[in-house]
Every structure is written in C-alpha cells, then in structure tokens.
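Enquirer: Chain by chain, the residues run as shown.
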Amino acid sequence: MAFFYKNAKFRFFEILPLFMLFFTAFNGNSTLDFNFFSINLHYILVYYWVLRHPQNLGYGFIFLAGLVNDVVFGFPLGINSLSLLVIAGMAAYVRVVTVRITLTNDWISFVPALLVANFVYFISLSLTNHSIDYFFLFQNSLATFIFYPLLWMFFSVILKIIKS
Amino acid sequence: METRRDDVGIAIRSAFLTKGTKQKFSLFVLIVLSILLIFLETYKTKPLNYFRALVKDTIYRGALVVSTPSKTISSLSKYISEHTNLYRNYKKLQNENNELKDDISKSDFLELENSQLRKLIEEQVSSSKNIVSARVMMDKQSPYLNSYIINIGNNKKIKNGMEVLDGKNFIGRTVDVNFFSTRVLLVSDLNSKIPVVAEPSGNHSILSGHGVNMPTLEYLPKKHNVQNGDKIYTSGRAGIFSPGIPIGEAKVENNIIKVLLFSDLDQVTFVNVNLENKSSK
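From first to last, the protein sequence lines stand for chains A and B. Under the numbering used here, the first sequence has 252 at position 157, and the numbering climbs by one with no breaks. Under the numbering used here, the second sequence has 255 at position 253, and the numbering climbs by one with no breaks.
Errors might be hidden in some of the hints.
Said to hold, decoys possible - In silico SDA-like links for lysine to any residue, alpha-carbon gap of 20 Å or less: (1) K26/B <-> I14/B; (2) K26/B <-> T223/A; (3) K195/B <-> Y229/A; (4) K46/B <-> T223/A; (5) K26/B <-> Q150/A.
Since the hints were made in silico from the structure, they are not lab data.
Chain A with its partners taken away, still in its complex shape (with noise of 0.2 Å):
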C-alpha cells in the first residue's frame, strides 16, 4: 500500500508540468491577465522544465501546447509553438553550458530568452497581418521576468518531490 501511494505521488508530480501547460493551454490562461499586469505563465514553465530536468517536458508536448494556444486565441498555427520552442531552445543552450544551478543565474539567462522569444513572436505576427497591443506585450515581458523567481521557487518544490 505504502509503495503503492509512492509511486501514484511521483507519478502525479511528474506529469504535473505537462498537465499545467496543456491545462493553461486548452484554458486560454497561459498569459495570466490580472488588472495591472499580465504573466506569461508558458514561458516561465517551460524555460524552467527544459533548463531543469528535461525528462519531464517533451519537445513534442511543448510544440502541441503551442498548436493548442493558437487555435485558442485564433492565431495562426505555429506562431505561439515556435515562441515556445525558442524558449525551449534558449534553456537548453543554457543548461549545455552552465555547471551551477541558482535563482540568479536562471533569472539573469532568462532576459535574452525572453527577448528572443518575443522578438519572434513580434516578428511571425506582423508577417501574418496580426495586429498586437505592443504596450502589453512589452508590460507582459516585464511582469512575466519579475514573477519568475516566485514560480522558480514553486517548481523547485515540484522537482524536489520528484527527485525524492
């Protein structure tokens, strides 16, 4: 019984991240809108996941999450899935070179992350005539790289129980 429970709770945290970002993604909520500010909660899961431990966040999945949030936001097919997959990128890279694991390192190397991912983004909408509130996009950019910390530390947790 007792093995029985242990291996239901490592098998629920370790779809846990997956779950989040096709639940987000089928919800419409993987950019956060509250009153003042927006996050982008997608970028954040997944630079973490891809950095941290990868074994838990697929190429594929992430791919299929950003078709997902396409068609959810009636965007082309692809636009959000190659964001996504930049970002995915930019982790990996990261973590190939990069020996210690802190806060301020992920935090810092997540700012040209960011940055190019949302170039890319920027630059796929206007080649699809889309036109984008580029004020939010910029205060989305910003909330989403100040809350990072809080949803690193939430997801250092969740690898924690993993790894145990």
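Here the structure of chain A is known, so what remains is to put chain B in place on it, guided by the hints.
Expert: Below, chain B alone, put in the same frame as chain A:
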C-alpha cells in the same frame, strides 16, 4: 577563461540538434515544422482548409471540456453575487421599467415612421428568417484577442464576414468558419474596424476596437457634433453590414470618443448570426 568559438558551436549543436533523454524530436526539426506551419497558413487550398478546420474543431471541443471546471466556478460566483444584489437590481429595474413605459409610446410612432421611410427609399427590411441562433462555446477576452467560439459553422451555412448580434445589438462578425464551430471577432478586438454612424449628429466614422479598453470612433470629420449619449449604429457603408443595427452609446473622454456597448460582452450566452452575407454578393 576565454570561450572559444568551437565551444559555442558545440553547445548550440548539443542544444538544438541532439535529442535528449526521453525526447522523440530534436528542437531544430520542430522549429522548422513551426515555421512551415506559419507559411502554410497563408495558402488557402481546399485540403489545407479542411485540415485546419478539423484541427480547430477538435481543439475547440477539447477546450470546451477542459474549461468546464473554471466555467462552473465562475458561474457559481456570479450566481451568488447576483443573489446578494437582488434588491438593488430590483429597484434599478423598477426605475428602468417606468422610464421604458414612458418611451414606448414614442418608439411605436418612430418605428412606424421608420418603416414608411425605408419603404420610400426601397431598402430591404431584414427578415428574421435569415437569422440563425448559436450558443457561445468559449469566450476569449484577452488583450491579445477578443472573440467568441460559437457552436455552428459550415453545417448551418455560416460564411466569413457575417454580422453577429446579441438580441438586436451588433457585437461582431464571423472570421474563422470551421465545420461545427466559428470564431466571432468582437467589436472590442484590436483587429475590428466597423463603419458606423452616430445619431442624431449623422456623422460617419469607423468603430475601432482596442482590446481590453472600450472601442473608439476614428476618422470622424474635424467638425463633428458627436456628444455624450449619442447612439452609434452600423452605417451599412461599403455594403458589408446591414445599416441601422444598434451598437452602443458615445462617451466623450479627453476628446476621444469611446463607445459604451449596449451588450455586455462578458455576459453573452446566445448570439444571432445574420445569414444574409452582404459582402459575398
């Protein structure tokens, strides 16, 4: 320590081309696939359109199931707040009822006069037979996109560009028609531009959406007479939408004319789609 160019190359290759543990695809392949998908979006061929419609229909149904818990919670909280505000709403409705009773006699006369004038200019009065009702499956009100997904599509002869009404009020147009679902671009969306006319001033303009903020009137003549409380209707210019469909009320703020919509877009459950697509004629 100096970083050599070779090291950077190896790191990039390792990140983008190598498949990690439990990874079935390399990042590079998926990035290329995404770019391909974006470019394919510009091609409108029949098989591709069918494929897109199938994918979108499937995801909409999935999204409908996944969003059930959050919808239930939000409707429950709305139900509770409605009950707590019952007395206040009752008083407000009583006052509105009294005002409406006063207006009925005036509007009857105006309706008669209006139909006579329309006959005079030989304009077709829209028939209720051209209207089809639909349920709102999902409503996405985000700064990126303000749209609804409704549960009818090609199966009910819906086409792109048809006007969508909440009761008798104009709220948007159909933009993305699939087999069993359609996306409705709301007037509040950033990409929405609707030709309108303000009454009683009679000034023509374009109603432009701004995402989370209220839509505004643009391209008004320099010497316009639009004031607070003026009613905004579709003008029917360019022959896309029928003329005279009510949209909202003008609200002047810092020389910007905002439009307070007659319909609360967060509260719409059913919509009417006018099958008379003027743009396709």
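Enquirer: I'd like to know which numbered hints this structure contradicts. Please list them from smallest to largest.
Expert: 2
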